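Asks: Each chain is listed here by its residues.
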Amino acid sequence: MSQAPTTDRNALDALPTGNPPPKPKRMRFDWRKLRDPKTFIIVAVVLVIGYLSLVPLLYLLWGTFFDSTGLTGAAFERAYGTTGLGELVYNSMVFATGATLVSVVMGTLLAFLTERTDVPLKRLIFAGSLIPLIIPGILYTIAWIFLASPRIGLINKWLEPFFGPGTFDVFTLYGMIIVQGMDNAPLVFLLMVAAFRSMDPSLEESALMSGASLPHVFRKVTLPLAKPALFAAFLIMAVKNIEAFETPALLGMPKGIWVFTSRIWRVLSTHPADYGQAGAYSISLLLITSLGIYFQTRYSRRGKQFQTVTGKGFRPRPMPLGRFRSLIGGALLFYFFIAIVLPAFILLYMSTQPFYQVPSIETMTNLSFENYRYVFDHSQTMRAFRNSFVLGISSATLVMFGTAVASWLVVRSKLPGRWMVDNLAFVPLVIPGLVLGVALLFVYLRFPIAIYGTMWILLISYVTRYMPYGMRYASTSMYQIGGELEESAQVSGATWWQTFRRINLPLLVPGLLAGWIYIVMTSVRELSSSILLYSPGNEVLAVMIFEQYENGQFTELAALGTLLIVALVILVYAAQRLGANIGVKS
Amino acid sequence: MLTITDLVKSYPGPKGDKASRVLAVDNVSIEVEEGQLYTLLGPSGCGKTTTLRSVAGLEDPDSGRIVVGDKTFYDSEKQVLVPANKRGLGMVFQSYAIWPHMNVYDNVAFPLTVESRSTRLGKKEMTERVERVLAVVQLDHLAGRQATDLSGGQQQRLALARALVMQPPLLLLDEPLSNLDAKLREEMRFELKRLQRDLNITAIYVTHDQVEALAMSNVIAVMNGGVIEQVGRPRDVYNRPASKFVADFIGSSNFFDGVVDRREGTDRYAVSTDEGEIFATSQYDLAPGAKVTVAIRPEHVQIEEGRPEQAGPGIWSGRVTARAFLGDSVEHKLEVGKLELQARCHTDLSLPANTEISIVLPPEWCSLIPTGE
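Which chain is which? The protein sequence lines are A and B, in order. Residue 201 is where the first sequence starts when you use the numbering used here, and the numbers rise one by one after that. Residue 1197 is where the second sequence starts when you use the numbering used here, and the numbers rise one by one after that.
Please keep in mind that the hints were generated in silico from the structure rather than gathered at the bench. No false leads were mixed into what you were given.
With beta-carbon atoms standing in for the labels, derived distance ranges:
1. L254/A with E1229/B: 53 to 59 Å
2. F1451/B with D400/A: 42 to 48 Å
3. R701/A with E1324/B: 22 to 28 Å
4. V1218/B with G682/A: 21 to 27 Å
Simulated crosslink set (DSS-like; lysine-lysine; CA at most 25 Å straight-line):
5. K1440/B with K1534/B
6. K1379/B with K1389/B
7. K1282/B with K1267/B
8. K1487/B with K1534/B
9. K614/A with K1274/B
10. K614/A with K1282/B
11. K440/A with K427/A
12. K1282/B with K238/A
13. K455/A with K440/A
Keep in mind that this is a model prediction, so the values were computed, not measured. C-beta atoms are modelled at their ideal positions from N, C-alpha and C, and glycine is treated no differently.
Extracted from the complex, chain B is given alone in its bound form (with noise of 0.2 Å):
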């Protein structure tokens, strides 16, 4: 459906000559198949509303190539640059970018009114197929009032709803749920991959909250510094971080050093660390002797009082160094020797400091991730 293949933008560096260009955008390719709600998720200046605006044809990007079905939009061999008004795309903004001086129907009916003569719809084709997208958003009881009075929901709905009007081959969110309240947010989430989901969209969603990635993606692009970092189901991308950056921007991870002592399965490794041996999962294909960071995340980390009554890998014996209520789990700090870890525990476990733990580090759930050198 869209194919982005080494997408390259760059920015006057500091200096604004040549050399310091800051790169938004670094060689990005990704392929997005129909009916997929695919999501660019990253911290702010990862490059992912960058991509996003070069898909819209609201940035230049410098070289690459974009086709979204059968069109190229851009493609900078061949010198092509479709402007973003003949691209066909609907956009949700970040700010929703309702126009003030619109009501709802109007804003919603711009898109069918700018077309050129030829191809513009009849009136009451125009009136029909405003209505019809208004009732799919549920704004359709609101179609006369100002766009302005309306409520940061139904601001977000008629957004989406002026993205739709123009049956769009693909629909470009970007962070669409940042400017609603927590709840709000919640709700919206569920509708808005309901929808998507209904009318069999394909969708590129950008955002940085993690949560919102999980809940709503078939797919999740995870970028740093202008480069996917990985691209994997939810699933996979929390359970199977394959950097550190990922591990540690999606939820949060412990993080420790080791060396791969051997592989013991297709995806299982020892590995030994300053603190003992684990097994441990990776996807990639490691020798012995590599070093790797262990990622572990605090939910997985079981402790349990008392000293382990078999040690072994992946079982180690500690304590208890702090402990924070937080609602619907405890957080512990733990201590193993000189390394220190958080496990997040069910509410009915809360020791207190000090108490002596064995701390069970499930093979299953530790990935390894090359350190690089």
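Next up, chain A with everything else stripped away, as it sits in the complex (with noise of 0.2 Å):
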């Protein structure tokens, strides 16, 4: 700026020469637009999307209404007519919501004194709520079997000598509540700390100021101010409990708690299977979750209205919590060693034993690596590995590519019904696993193409279920990438696919590689579509672990376990490094 300006006058020289004269184009939609990048990739991914949400659905309905004597009600009195449905919608909703109370609880708990106060061991508690992304549900589940079953468990064995033998009984609704709260209490965590920082802290340290107490204040002004938020964790928990599968098949069905999942399971897994009845049962839990969803995102959009967001980058003044400083802080390490450590600990010490024994003196000094090499020598349990990555990796770039240009779509284009697209992509959102399992099933079975049977089935039932996940990554960045950016590019004379390629694109990287990494994260631990879906020759990793399960192959389960985890940790951790490189700088 302080140079002196100097112009060169003929650097432009011949300003007014222009491009050669545009040819005109109708207005009216010609077809050999077709052939244009544009619209060939757009109906493509429109028609691809709108394929993939309603067939399994449409199918799943008519299967179940219809057979061989057409429009029919039987399947519906199969399911419910001979057991009580009573004690199945009982168990069902006892589980779901005592599941989420327990993390709701803990998560918000977690999430306010993070957030909010001077506790310590922060950084634990952040390095804590990836815990769910790294170890899987189903052996976070088996692993407290052997913490907490009457007979065998470690935690039992503890106590034995100060409340006699099975203090504690995992096998039972209140021992699934526990598991599956504690497994889910770090994604209400990461929820309810995103709120917490949404919301603005002079509100609260306005009452402190006025001599209110911090219980107080959490109680008067944080909980009401964070009942939206609360409210959404509390649904999206609920909707995730009741389609939870690893839990209530492992801890509940050995006792006959049965629930919605783990009967839709039974019911296709003893011969000859009942599709009949369980398209029933999927049809009730598809309408409980698309209730849920549905307040879910009318009572989010609602509370868009009163949300307490400021602009302002300041940190609240953490609120001194004094002399319960160090009680809490040793109560949250106890939590946390109940919820991660131990869960951890005996998966790992499973992995190094011949055969399962309580972890003593005597066994603890006797390791062996024998299982890890029972896993790498096994070309099954290698196989399931490489079908697992195979699979996470191929869906989520086809989710991610497919989202991109579906959130282009509907942020950006004026097409009407783009609305349609957004919605018809966050459809299988309300699907479970097990019950678009169950309608890929109907799909596939007789399909004239060899679908059923191969890996394409399970690739196909990766893409639909993770479709609205990559959706929300793709739209949240898209929407954080400004209009005029696309805009002037186009004005500079780039295509609809030179912008989208060398503008969006580039731009939307960091979004779509979290959303990426995530998908590739959750998919190689899918469990509950995929056991209704693989067939011998392609398991996947969660079938592997599940099916050793119930051979009692403990040991060689946790190996391949840890190997899984392993292979989480190092992705959550590329994860990070890549996000904090790739990132564009602002």
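Since each chain comes alone in its own frame, lean on the hints to assemble the complex.
Replies: In structure tokens, the structure reads:
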């Protein structure tokens, strides 16, 4: 700016020379446009999204309500006639509500402590919040079986001298609730941390200034302000818990505590499989989850009006816990020991034993890596590893590319009906994994092309399941890219495809990459739809672990699980490193 | 150079049906000559940006015609609609729209690299062209720098360089200075004007900042509610506002009602008001008896302590009710009978409240605007 202005008069000589005269285009729809990549890609993406979202649901309805005799309610009669409908509904509701309460209470408390007080061990809490990303639910549940089953549970052994044998029984409704709740608490923690960060801390500070005590502030100011976020977290968890399969299958089924998901699996895994009955349960489950998601979206839309977000970038001064600080710190340590350290320890320990024994000095000094040898030598386990990662990477790539285009359509284009693309992409959110599995069975069992019995059906299922998440990642980043960035490329003469490839995609990379890694991480442990759709030779990791558990191969399972956890740790680490480096500097 | 004829653009209204559609641009016609800096000035929502974006091809108008040079970009009758990427215009966006994942050089080179293979420049020529245009905006020493590392002013020049690199026949500027801080904005105002004049660029400039518009433009079109209220040279628009809106939007004005008595010359009228007779000027052809609004800017109201020696047309007596020191001037609030006026005076003159004063309203600064009925 300080330089003397020196303008080169010849610099832009012959300015008004133009480009070759543009050919005027007709404004009516021209079928030749389909050859244009823009139209082709958009049409393809919309068709695929519509197919993936709607076809399984239509087949599910058709397969449930029609049999060889025509329209019928027989499937429902079979599903709810014989065994008590009441007990099934009761168990499902108590399990879902209970587990939700556990995770919401724990998660919210942890979030409040880290965001608003001077609680110690904040970094530990944040590190702990990654645990559900790293330890798949099936491994977490299995770990708890070895911690709290009445006969062999480690905790029960510890407590035996004081309370006698079998203090805790994990194979109960309460056991299921606590295990599921602890597994999900970190998710609530992350949701509520985000909520607390977006709340104006001066509202709480002014309450503190008026002389209110900390618990009083929490009850009278923080909680009411956080109510929308709390309610959203509650609904998200309730839907997640009603869809949960691992805990009910492993903890509930042995004692006959049935919920919808375990019931669906049961009617399909006994011979002959009753698809109609599975469909009937699926439709009931689908109705419940749809209702949950409906309230959640409605409430969050309404909640936006009351958001207390401030643009101020200051971090509030943490409220002092005073003399309770070390007490609360101790309680936190205890919680982490129970919720994270013990399950991780028992898995690792199991993987080093020739057969399962309750840990003792003798067994702890007698470690072997035989089980890891087994995993690497066994072609089946290695194949499961490969299958899971091939499926994870391909579904993540397909989903992120597709949703990048779809989010452009929704956020940027002015095409009529673009809101429908958005809604269609979110439909699978209401479909529990098992229900999707059932629906895809209906679609592809009698499909002319052999898709059932191959990896393709798993790929279709994964792409469908993770499409809503991909859409969320992609459209969030799309909203963050100013529309003018794209328009300026357009004015500069770039075609749609050039703009998308050279402006949008590079700018979307951080968001797309985050979504990609999230999908890879969640899909390599996917169990609930895979368990219905896999066929021999196409086992994925979670299915493998489930089968090994049923066969009593606990120690091999633990070794396989430990390796999976190591792979997930590397992925999480890579995600954070990549995200930091590729992120667009602003 | 640019001719816009009867441009109409509407948006879906609150109810979404045809009847409630909102007219953003309502039959706008403008004519820009080569080498002009033509400003569309108006408050937000007046349709100025929509007009500009229609020229750029970023909005599809409902009807009308847009011609640049000998090329028709849009013609609703002939069903012509050239897409934005085929128009070859340069545009500077309000946010600059600098691509954050590219460096300075790549940002400027982008328009050249996306041209179709047959017309694309060779590598060497492309580099030369980019370097020349970077030199014009004095960014040549920063070519390798990441675009996001530039300061606001530098980003603004970068956006300009990118818009100029295609050597467009027409440059579109959408509030390019509004994101700069006040000092830098003043500096860039002159810089931009100098570049435009030196390179003989035809430019459409959209702004809501009247000072910017007055300082830079060859022609100003003041827009309000999708309609052009007045077109003219900056001096004319300022001194002879054609409507109450223009007088109020550009600078500030005193308004009071009157009735035309008689014509006194080609554009001079005698007007009677509640507080007495004045002489005033108008570009309109007004018949005696016409109801008018008199507009006069505060800096043109002359005041003097004491009662007027000789009252007459445009010489009134009044009283100071309040004053405020504004640094470069002193603002006085005046009372003439029931009428309230403002006078902006040189700092030499500062009269306390309740001072009896004489007020002179010079005929050449009193503009008459017909009241409509």
